[in-house]
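A.B. asks: The lines below spell out each chain.
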Amino acid sequence: MTTSTVRTVRRRRWAKRRRRGLPIVGATLREKRTGLTFVCAYTVFIVFLVAGILPTFEQMDIASFLENPAFAAFLGISGLETFEGFSAILAMEFYGVWYGVIFGCVVAYFAGSTIAHTVEDGSIDLLLSRPMSRTRYYMERWSGILIIIAIVSAVALFSVYICTLVFSGVNVNWKWMLLTQLTGTIFLLFASAAGMLVSSLISSGRSAGGAAIGIIFFSYVLNIAGTLVTQWPWVEKLSPFYYAPMARILVAQQITWWHLLVLMGIGLVLGLTGLVIFNRRDIAA
Amino acid sequence: MDRYTIEVKQLAKYYGKVCALRGISFKVERGEIFGFLGPNGAGKTTTIRCMLDLIRPTAGRINILGHDAQRDSMAIRRRIGYLPDDIRLMESITARQLLDRYSRIQGLEPVRLRELIQRFDVEVDRPLKGYSRGMRQKVGIVQAFMCNPELLILDEPNVGLDPLIQREVNAFLMEEAERGRTIFMSSHILSDVEKICHRVGVIREGRMVAVEEVETLREKAGQVATVEFDQPVDQTELQNIPGVSEINRHGDGRHYILKVTGMMDPLIKALSRHQVLRLSVEEAPLEDIFLKFYEYSDTKRRR
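For the protein sequence lines, the chains are A and B, in the order given. For the first sequence, position 44 matches number 76 in this note's numbering, and the numbering has no gaps at all. For the second sequence, position 202 matches number 204 in this note's numbering, and the numbering has no gaps at all.
Derived from the structure by calculation, the hints contain no laboratory data. Certain hints may be false.
[To be verified] Derived, one-sided and incomplete: chain A residues facing chain B with beta-carbon distance under 7 Å:
no. : residue
1   : Ala47
2   : Lys48
3   : Arg52
4   : Val57
5   : Asp153
6   : Gly154
7   : Ser155
8   : Asp157
9   : Ser161
10  : Pro163
11  : Met164
12  : Arg168
13  : Gly258
14  : Asp314
15  : Ala317
Heads up, the beta-carbon is just placed ideally off N, CA and C, and yes, glycines get one too.
Pulled out of the complex, with its shape left as it was, chain A reads as follows (with noise of 0.2 Å):
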C-alpha cells in the first residue's frame, strides 16, 4: 500500500446526506423498460389498424355477430344493442375484453415478478440492509407498475386522438372515450394490486408472475361462464371484469360508478394486503 492511500484512508471523513429521490420506481420502469415499449407499440398498431380498416369493417355485418353470444362472451361485447362506427370497432378489437385480458396480464406480470425476482436473485438483500423501509420498498415498486399502467392509457389515449386527425370517419365521443380508458386504467390497476400480492407471497420471479396472470385468466375463463351461464348469474359478479364494462361505456355510453369504486376498492385491499404480508415476512437466502 502506498503512503499516500494511508493517508487518505486515515483522513477522517463522515458521509455528508443526500437526497433519496425514487430510486425504485427509476429501477422498476428500467427494468420493465422493454415490455412497456412492446405494450405501447401493440397499443399504437391496433389502434390504427381499426382506424384504418374502419371503411373494411364497416360494410361488414358486425351486428350478426352480436347474435351468438358465445362470440359476444368470449369478445366482451355481449348486451350491445347498437354496434356502429370507430367507437364500436374499437370496443370489439381493443377495449372489449382483450384490453383486459390481454393489458392485464402483462401488469399482472410485471407487478408479479417485480418483488419476487428481486427475493429469487437476492438483490434485495442489498436494497433492505439500507435504511429503506420494506414499505418504502413495496410502494416505489407499486408506484413504477402504475406510472406504466399511466404510461400504457395515455398512449392508447393519443393514438386514438392522432388516428381522429389523421383518418377520415374516425371519430369517438371524448366524454365516453376518457370514461372508458379510466375504467380500463382501474382494471389495471386491480391487475397490477393482485400481483403485487402475489410478489409479497412468492420468492421467484416467474413462479409469481405466472400465478398473477393466472388470477386474471381464471377471472376472463368466470366472465365468459357467467355470462353464458344464465341459470347462475352470480358467477359474472364474482369476475373483475364485470365491474370494468369497458366495451359498454365506450359504445352504449352507460357507466354505472359504483362497479369502478368496487374494482378500485378490492384492489387497494389487495394491494394493502400484499404491503402487510411483505412486512411480515422472512427475506429467505
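Following the hints, put chain B in place on chain A, whose structure we already have.
C.D. replies: Chain B in isolation, oriented as in the chain A frame:
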C-alpha cells in the same frame, strides 16, 4: 457510548418444526474484528439475516449500535455496511450507476468511493453483466464501505478473490478496525480468520459452541516441534514430558512431530539428554482447534 456494538441474546429461529438457531448468545465489542465461524448450514447466514431484520427471529433479542434490531432496524441500517454471501447485483447497469443508486438509498454521499475503487482496482464503467465472481465481490466490498459506516457485517468477504486481493482486503479490514470500526465477519477461510480476527464465535447446528479470543485459542493450540535425533528414541520417553499432548513418530524413531501446549522448557530439557540433529518449532494452526470445536459438538450430541 456502549461498550458492545452487537449484543445477541438467546436468539432462536424456527422454520416450522425445523430449528435453524437454538438460542445463541454473544457480544461484539466496539472496534474489534469478530469472526463468525461454522460449517455450512450451521446458522451463520440466518444469524446475519436476523441482525439485518431480513428474517424475524422466533425468540431472543438483538441489539446493534444501541438499537433493537427489529424495532429500530432503520436506525441501525443508516450506520452499517453489509456484504452478503454470493453477492447478486442488478446486471443491466454499470457498477458506477449501481454504487450511485445504493448511496442514494443510503441517503449519504459515497465519501470513500474514489479511494476504494483505486485501492481494490475496480472497473466501474462497464455493465455488471460481464463481471466475474471476483469483480462482483470487489464491487460488494466497495458498496459496503463507501459511505463510511460504523459497523460492517461481512458474509464471506474473501470468497472469489485472488490471493493478492484477499491479502489487500485483510489489510484493509485491520486498518478499519484500528480506526474504530467494528467488523463482524463470517468466513470459511480459517487462515484469514486467524490472521485478522480479535475474537471468534463458532456456531454449529444452530448452537454457539465457543466464543474465544484468538490469542487464547493460540495458547490452546500450542506449538508444533519437529525433532530429528541422531539415534532412535523411545516414544514412551517423550510421552512423559509435561506439555506434550500429541506425538507423531516417523520412520525408525529418529523423527518426531510433537504438539506442545504451555511452556517449552520441559521439552528442551528432555531433548538435551539426546543428540538432536534438527529442531524446528512453529505455532500450531488454529484450523485444528476450529475443527475440534466442530468435532466436540458432534461428540457431545452423540452422547
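A.B. asks: State for each hint whether it applies.
C.D. replies: These are the hints, each one checked on the structure:
no. : hint   : in the structure
1   : Ala47  : holds (4 Å)
2   : Lys48  : holds (5 Å)
3   : Arg52  : holds (5 Å)
4   : Val57  : violated (12 Å)
5   : Asp153 : holds (5 Å)
6   : Gly154 : holds (4 Å)
7   : Ser155 : holds (5 Å)
8   : Asp157 : holds (5 Å)
9   : Ser161 : holds (4 Å)
10  : Pro163 : holds (5 Å)
11  : Met164 : holds (5 Å)
12  : Arg168 : violated (10 Å)
13  : Gly258 : violated (39 Å)
14  : Asp314 : holds (4 Å)
15  : Ala317 : holds (5 Å)
Consistency with the previously given hints fails for numbers 4, 12, 13, ordered from lowest to highest.
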